[in-house]
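Undergrad: What follows is each chain in one-letter form.
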Amino acid sequence: MLSTSRLWRRWRRASAAALLSAITFLFLAASAQVLAASAQGPLPDTGWLTVPEHPDASVRLSVTGERAGNRVNALLEVSLAKDWKTYWRSPGEGGIAPELEWQESSNIQRVEWHWPLPKRYNLLGFNTLGYEGALAFPLVLHLDDPAQPAVFKGVFTLPSCTYICVLTDFDLTLPLENPGTMRADPERSHRFQQAYSQVPRDTGALSQTAAYWQADRQRLQVLATAAHAWQNPDVLLDDVAGALAEVQLEPPSIEVQGEQLLATFELSSWRELPDLTQLPIQITIFDNSLAEEVTVTASAGPAPVTAQPAMGLLPMLGFALLGGLILNLMPCVLPVLGLKLHSVLNAGTENRRMIRGQFLASAAGILFSFWLLAGFLWALKATGQAVGWGIQFHNTAFIIVMVAVTWLFALNLLGVWTLRLPGAMNQWLATRGDHSHRGHFVQGMFATLLATPCSAPFLGTAVAFALGADTLQLLVIFTALGLGMALPWLTVAAMPRLATYLPKPGRWMSIMQVVFGIMLLLTSAWLLSLLVRLWGGSIVAVTATLLVSITLVLIGRRYGAKVLAVTLSTGIPVITAAVLLTTVGSGRFSLPESHPWQPFEQAAITEQVNAGHVVFVDVTADWCITCKANEMGVLLQQPVYDALHAEDIVLQRADWTTPSSTITDYLQSHGRAGVPFNVVYGPGAPEGVRLPVLLREREVMAALQRARGQ
Amino acid sequence: MKIRQQRWFNALRQLLVFLLVFVLISALVDQWRSRTIPHQVVSAEPMTLLDGTHVDLLALSYEQPVLVYFWATWCGVCRFVSPSVSRLAGGDHTVVSIAIASGESERVHAYQQAKNYRFNTINDPRNTLAQAWGIRATPTLLILKHGEVVSSTTGITTPVGMWLRLQWHALSFND
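Sequence lines, in order, name chains A and B. Under the numbering used here, residues 1060 to 1769 are what the first sequence spells out, in order. Under the numbering used here, residues 5 to 179 are what the second sequence spells out, in order.
Pulled out of the complex, with its shape left as it was, chain A reads as follows (with noise of 0.2 Å):
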């Protein structure tokens, strides 16, 4: 028993000793690192670097002083001035990445860059993915060994751009005399942190991500869960080995049903595609509070959820009472409600009574119309016809008295030409008084003719679908269709006070009447334009001299020669920017000679398909512009115009100009009502490969290989 208490002391000794000296060692140890890092000095940075060609952005790089095993964080900073951008690692096709070159350095494997969620940008139409002002990369360097010293010496080549891009070389070189025996620096560690906090990754949040790759419609689809349902979510798509470096990738469509999100991608690209179910895709998803990258591979085919229900009549309704009353700002039609308007300001205000009946009148004239439109598509769809909306075009006098009738109008409006009635009609006018609304009804139903050639948001897939539903749900659509239009309308009909809101009459209705006579000048122009196609170049040419040389001649007499020479000073030049705009990108100006076409025959394709010809087949009509816009546009030129010439390529062309059974049945049996309609048929795709009604080069020549089984 002693024994034991006595060998309990002596341990107990023994162990107080070691503890002593082990708690020395480490004291010893302790100082000797501080010793260490206090002689280090202050942690390696480049500080700002600025190239003098390029002063609006510079760089620096620093270590955190933070080390685990042989991992040195580092932070890679850019400051970019105003309006200058740079690029994400995938930045979409009209960017470039900033690249890091560190081969030279010593003593460093590798290189980790964690690149922060960037934002999406439109620069001029494009879609890029990048950064504006101040931004940090977080970096690891791995060191081959953290005992001794290292050196990062490299080139970092930063894209930046504005209406203008620069590539500019920054030449980074930091040594690590002692990175064994750093010492963090807070306020480093933090932005490191801050920075690293930015960088998407794969923290679990998301309980399932997967994508789905449909190569026949080059459209990826992207299904994901996370915990919380969805808010505000983006989704990003790019890959390791860069083969989706050359996809254009618009922004996604994104679905959300709770926690569950959709997002689909429409591919497409100047190369050919990558059969994305063999490549490891990275896909980046973020939220308001969620940053998430994860990489996965996709399967094939669509994405395995329960369809959407196909739109229904009441949201439909929603679409076509939208669609009408955004036409109203289009630019055909703003100019007749904004006469209208001036009218009723000239008039006076007092008269609610009449203010009301005049603007209920016009509202019936447009409800009117619609009706009339939808009896006229009815008809032509009864008959079999090809309808659509804005169908009447096709017909040349209704083109001719819409140009004669937009440009009195303008004239009208530039106060150049009043409209003069025969003594007897004014005297019948004036007899009739504020009783007759008929004049402010026909103002209603021109509104809406004006309206015919500009197709407003919403509006298109309104009418599509009532073009395919039933009669019942066909005069529906319209009538929510001219509600819609008729709602300004109705507004001040209900409240005739609202007018008495608008600003009194003054300078600023002068001014606004010109520039809807400019409006209606353009539109005018336009619908002119339409003829070139039906009566050759020369003619219009002709016409319109003759038309800008008596609206300029009147211009002259109302307002004399100076109002002129700046309507010719600012004219002339605005005119020749347009016409070189609408040119560029045209391509060539004379056009190459028809395609030798064949005439159509179904039991034909099948037997050259046999052959291994690919047999394109082109379903038109005299009367169909769209149709003569797809030939002039893509058919006719290049590349589609060689390609159509290769030696296995059988060209069959339908012409529906006259009505024909056959081609009917062959356009019914592809779900068609109407020309311009091509489908492609070859060995790689038998069933034939529907092309959409407005062509496009790529799209043809990816139908076409397709066909091809290429």
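Don't read these hints as lab results, they were simulated from the structure. Everything numeric in this text was worked out from a predicted model, so none of it was measured. Errors might be hidden in some of the hints.
With a Cα cut of at most 20 Å, we get these calculated EDC-like pairs of lysine to aspartate or glutamate [what the hints assert, rightly or not]:
no., chain 1, residue 1, chain 2, residue 2
1, B, K119, A, E1756
2, B, K119, A, E1331
3, A, K1212, A, E1171
4, B, K119, B, E108
5, B, K119, A, E1690
6, A, K1212, A, D1228
7, A, K1212, A, E1163
8, A, K1178, A, E1136
9, B, K119, A, E1136
10, B, K119, A, E1163
11, B, K119, A, E1171
12, B, K119, A, D1701
13, B, K119, A, E1309
Chain A stretches covered by chain B per the calculated footprint, using a threshold of three residues with CB under 8 Å from any CB of chain B [to be verified]:
no., region
14, 1127-1139
15, 1618-1627
By construction, the Cβ of each residue, glycine as well, lies at the ideal position given by its N, Cα and C atoms.
Knowing the structure of chain A, use the given hints to seat chain B on it.
TA: Just chain B, lined up with the frame of chain A:
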């Protein structure tokens, strides 16, 4: 009648002033942008087009003004300028483009095919040629005449401006 003439004259004068101011401002902007571009271009290294043929820009510039176009596949603004350059290249003018940091020659070729750009191109994947020429930004257009840079402009250029410049230097080529 006299008053009327006077009015016409005044209007004409205003028009001329407008034009003059426009020309002056654009000339000044170009001048400022081109301050880093040396007039004398010394390029000893041999240059080859995408198809492998050798090209000597300096020698060409003694025959006709040469339009040199610096661009990149990743430069958004270049997409607005390239079609005009392509059209000029289809005419009687000598046009050579230099593609900066746009990847391998095969890629640049495919890009030009896809976009239907018909100008001859020297590929500059490492951005070395452009740096040697003092070109800092894309798109940049230079006109070489008798071995010297006689005109340069960076950013969006109108097709008319481009054509006029080239035409001007072609007309005054033998002066």
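Undergrad: Evaluate each hint against the coordinates.
TA: How the hints compare with the structure:
no.	hint	in the structure
1	B:K119 - A:E1756	10 Å, holds
2	B:K119 - A:E1331	14 Å, holds
3	A:K1212 - A:E1171	15 Å, holds
4	B:K119 - B:E108	17 Å, holds
5	B:K119 - A:E1690	19 Å, holds
6	A:K1212 - A:D1228	13 Å, holds
7	A:K1212 - A:E1163	6 Å, holds
8	A:K1178 - A:E1136	17 Å, holds
9	B:K119 - A:E1136	36 Å, violated
10	B:K119 - A:E1163	38 Å, violated
11	B:K119 - A:E1171	36 Å, violated
12	B:K119 - A:D1701	15 Å, holds
13	B:K119 - A:E1309	18 Å, holds
14	1127-1139	violated (count 0)
15	1618-1627	holds (count 7)
The structure fails hints 9, 10, 11, 14 (numbered hints given earlier, in ascending order).
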